[in-house]
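Asker: Sequence:
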Amino acid sequence: MPTVFVPTEIRESETRAAASPDTVTRLIKLGMSVQIQAGAGAASHISDKAYEAAGATIVSDVAAGYGAADLVFKLNPPTPAEIASMREGTTLVSFVNALTDKDIVEALNARKISSIAMELVPRITRAQKMDALSSQANLAGYKAVIMAADHLPKIFPMLMTAAGTIQPARVVIMGAGVAGLQAIATAKRLGAVVEVSDVRPA
-9 MPTVFVPTEI RESETRAAAS PDTVTRLIKL GMSVQIQAGA GAASHISDKA YEAAGATIVS
51 DVAAGYGAAD LVFKLNPPTP AEIASMREGT TLVSFVNALT DKDIVEALNA RKISSIAMEL
111 VPRITRAQKM DALSSQANLA GYKAVIMAAD HLPKIFPMLM TAAGTIQPAR VVIMGAGVAG
171 LQAIATAKRL GAVVEVSDVR PA
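Once you know that position 14 of the sequence shown is 4 in this note's numbering, the rest is easy, because the numbers rise by one and skip nothing.
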């Protein structure tokens, strides 16, 4: 049976994991074996026990995990060391930056590693369940407004009090893509007056 390996994301400040316990359950139902690097879900508050309860095997030796894997699930593009750890014929499912990072593509080709670049999955109905880019952009739009509200030296909504009226914050969103649309919705829910600018015609 094919073996899937999910390593810990090593990029600084990364808190996501490439697979949840629910993902593990689905993969096992499809006839796959799943190995998770110990602590891979810790930053996402997913314990090793939760992965084990879903049917995954926890491995401490990352090199052994890469060496046994038929498929590797990652979020961030692999580092040269991670690519070197993968055996020939492995399939990598990850964001790869395939159009902008020639070195990664060449390193993967040199190791005969197939790659499914998640950023290149088309935004069409048939591929909607695989559209990881849109789901991440959705979160980015939400988080951008929350962070902006935290840094703004006033509050977003209009408040009418006995001491006077505080006018709502005016927010300009640059771009009305997936992230921009979520940012618009979040800013409006927080009570701001929202404007949007986009290069595409309305």
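Just to be clear, a hint being listed does not mean it is correct.
[Claimed, not checked] Taking CB as the label site, the calculated pair distances span:
1. Met148 with Ser104: 21 to 27 Å
2. Ser187 with Asp51: 16 to 22 Å
3. Ala71 with Leu142: 17 to 23 Å
4. Asp51 with Gly167: 40 to 46 Å
5. Lys102 with Gly167: 22 to 28 Å
6. Gly79 with Val186: 17 to 23 Å
7. Leu142 with Gln118: 33 to 39 Å
[Unchecked claim] Mimicking SDA-like on lysine to any residue, the simulated pairs with C-alpha atoms at most 25 Å apart in a straight line are:
8. Lys133 with Leu65
9. Lys102 with Met120
10. Lys119 with Glu109
11. Lys133 with Lys102
12. Lys178 with Pro143
13. Lys133 with Gln157
14. Lys119 with Ala54
15. Lys19 with Arg6
16. Lys133 with Glu4
17. Lys144 with Ala122
18. Lys102 with Tyr132
19. Lys178 with Ala159
20. Lys19 with Pro143
21. Lys92 with Ala127
22. Lys178 with Tyr132
23. Lys119 with Met108
24. Lys119 with Asn87
25. Lys102 with Gly79
26. Lys102 with Pro191
27. Lys92 with Gln126
28. Lys119 with Pro143
29. Lys92 with Arg116
30. Lys119 with Met137
31. Lys144 with Gln126
32. Lys178 with Met120
33. Lys133 with His35
34. Lys39 with Asn87
35. Lys92 with Lys144
36. Lys19 with Ala130
37. Lys144 with Pro191
38. Lys102 with Ala54
39. Lys102 with Ala130
40. Lys92 with Thr115
It is worth saying that the hints were derived from the structure and are not from the lab.
Note that CB positions come from ideal geometry on N, CA and C, so glycine has one too.
Asker: All the hints need checking, so say for each whether the structure fits it.
Answerer: Now the hints, each set against the structure:
1. Between Met148 and Ser104 the beta carbons are some 55 Å apart, a value that contradicts the proposed interval 21 to 27 Å.
2. Range check, Ser187 to Asp51: Cβ separation about 51 Å, and the 16 to 22 Å hint is violated.
3. Distance hint for Ala71 and Leu142: a CB-CB separation of about 41 Å, inconsistent with the stated range 17 to 23 Å.
4. In this structure the hint that Asp51 and Gly167 lie 40 to 46 Å apart at CB holds, the actual value being about 41 Å.
5. The beta-carbon spacing between Lys102 and Gly167, approximately 35 Å, falls outside the hinted interval of 22 to 28 Å.
6. Range check, Gly79 to Val186: about 47 Å between beta-carbon atoms, so the 17 to 23 Å window is missed.
7. In this structure, Leu142 and Gln118 meet the distance hint of 33 to 39 Å, their C-beta atoms being roughly 35 Å apart.
8. Restraint check: the Cα-Cα separation between Lys133 and Leu65 comes to about 18 Å, which is no more than 25 Å; the hinted pair holds.
9. For the hint pairing Lys102 with Met120, the CA-to-CA distance comes to about 24 Å; that is within 25 Å, so the pair holds.
10. Distance check on the hinted pair: Lys119 and Glu109 sit about 13 Å apart at the alpha-carbon level, within 25 Å; holds.
11. Note on Lys133 and Lys102: the hinted pairing is violated, with a Cα-Cα distance of about 38 Å set against a maximum of 25 Å.
12. Straight-line distance between C-alpha atoms of Lys178 and Pro143 comes to about 18 Å, which keeps the hinted pair within the 25 Å bound.
13. Distance hint between Lys133 and Gln157 is fulfilled; the C-alpha atoms sit about 23 Å from each other, no more than 25 Å.
14. At roughly 30 Å between alpha-carbon atoms, Lys119 and Ala54 are farther apart than 25 Å, so this suggested pair is violated.
15. Our distance criterion of 25 Å between C-alpha atoms is met by Lys19 and Arg6, whose separation comes to about 23 Å.
16. Taking the CA atoms of Lys133 and Glu4, the gap is near 15 Å; set against the 25 Å cutoff, the hint holds.
17. Restraint check for Lys144 and Ala122: not satisfied, since their Cα atoms lie roughly 34 Å apart, outside the 25 Å limit.
18. With a C-alpha separation of about 38 Å, the suggested pair Lys102 and Tyr132 falls outside the 25 Å cut-off, and the hint is violated.
19. Restraint check: the Cα-Cα separation between Lys178 and Ala159 comes to about 10 Å, which is no more than 25 Å; the hinted pair holds.
20. Distance restraint check for Lys19 and Pro143: the Cα-Cα separation of roughly 51 Å exceeds the 25 Å cut-off, and the hinted pair is therefore not satisfied.
21. Note on Lys92 and Ala127: the hinted pairing holds, with a Cα-Cα distance of about 24 Å set against a maximum of 25 Å.
22. Straight-line distance between C-alpha atoms of Lys178 and Tyr132 comes to about 11 Å, which keeps the hinted pair within the 25 Å bound.
23. Of the supplied pair hints, the one linking Lys119 and Met108 holds, its CA atoms being roughly 11 Å apart against a limit of 25 Å.
24. For the hint pairing Lys119 with Asn87, the CA-to-CA distance comes to about 20 Å; that is within 25 Å, so the pair holds.
25. For the given pair, Lys102 sits about 6 Å from Gly79 by alpha-carbon distance, which is consistent with the 25 Å threshold.
26. Proposed proximity of Lys102 and Pro191 is contradicted: the alpha carbons are some 43 Å apart, above 25 Å.
27. With a C-alpha separation of about 23 Å, the suggested pair Lys92 and Gln126 falls inside the 25 Å cut-off, and the hint holds.
28. Restraint check: the Cα-Cα separation between Lys119 and Pro143 comes to about 40 Å, which exceeds 25 Å; the hinted pair is violated.
29. Distance restraint check for Lys92 and Arg116: the Cα-Cα separation of roughly 29 Å exceeds the 25 Å cut-off, and the hinted pair is therefore not satisfied.
30. Taking the CA atoms of Lys119 and Met137, the gap is near 28 Å; set against the 25 Å cutoff, the hint is violated.
31. For the proposed pair Lys144 and Gln126, the alpha carbon gap of about 28 Å is over 25 Å, so the pair is violated.
32. Annotation: proposed proximity of Lys178 to Met120 is violated, straight-line Cα distance about 29 Å (limit 25 Å).
33. Of the pairs offered as hints, the one joining Lys133 and His35 holds, with about 18 Å between alpha carbons and a cut-off of 25 Å not exceeded.
34. Distance check on the hinted pair: Lys39 and Asn87 sit about 32 Å apart at the alpha-carbon level, beyond 25 Å; violated.
35. Distance restraint check for Lys92 and Lys144: the Cα-Cα separation of roughly 44 Å exceeds the 25 Å cut-off, and the hinted pair is therefore not satisfied.
36. Of the pairs offered as hints, the one joining Lys19 and Ala130 is violated, with about 32 Å between alpha carbons and a cut-off of 25 Å exceeded.
37. With a C-alpha separation of about 32 Å, the suggested pair Lys144 and Pro191 falls outside the 25 Å cut-off, and the hint is violated.
38. Using a Cα cut-off of 25 Å, the hinted pair Lys102 and Ala54 holds, with the two alpha carbons roughly 19 Å apart.
39. Using a Cα cut-off of 25 Å, the hinted pair Lys102 and Ala130 is violated, with the two alpha carbons roughly 33 Å apart.
40. With a CA separation close to 29 Å, the supplied pair Lys92 and Thr115 exceeds the 25 Å bound.
The structure fails to meet hints 1, 2, 3, 5, 6, 11, 14, 17, 18, 20, 26, 28, 29, 30, 31, 32, 34, 35, 36, 37, 39 and 40 from the earlier list, while all remaining hints are met.
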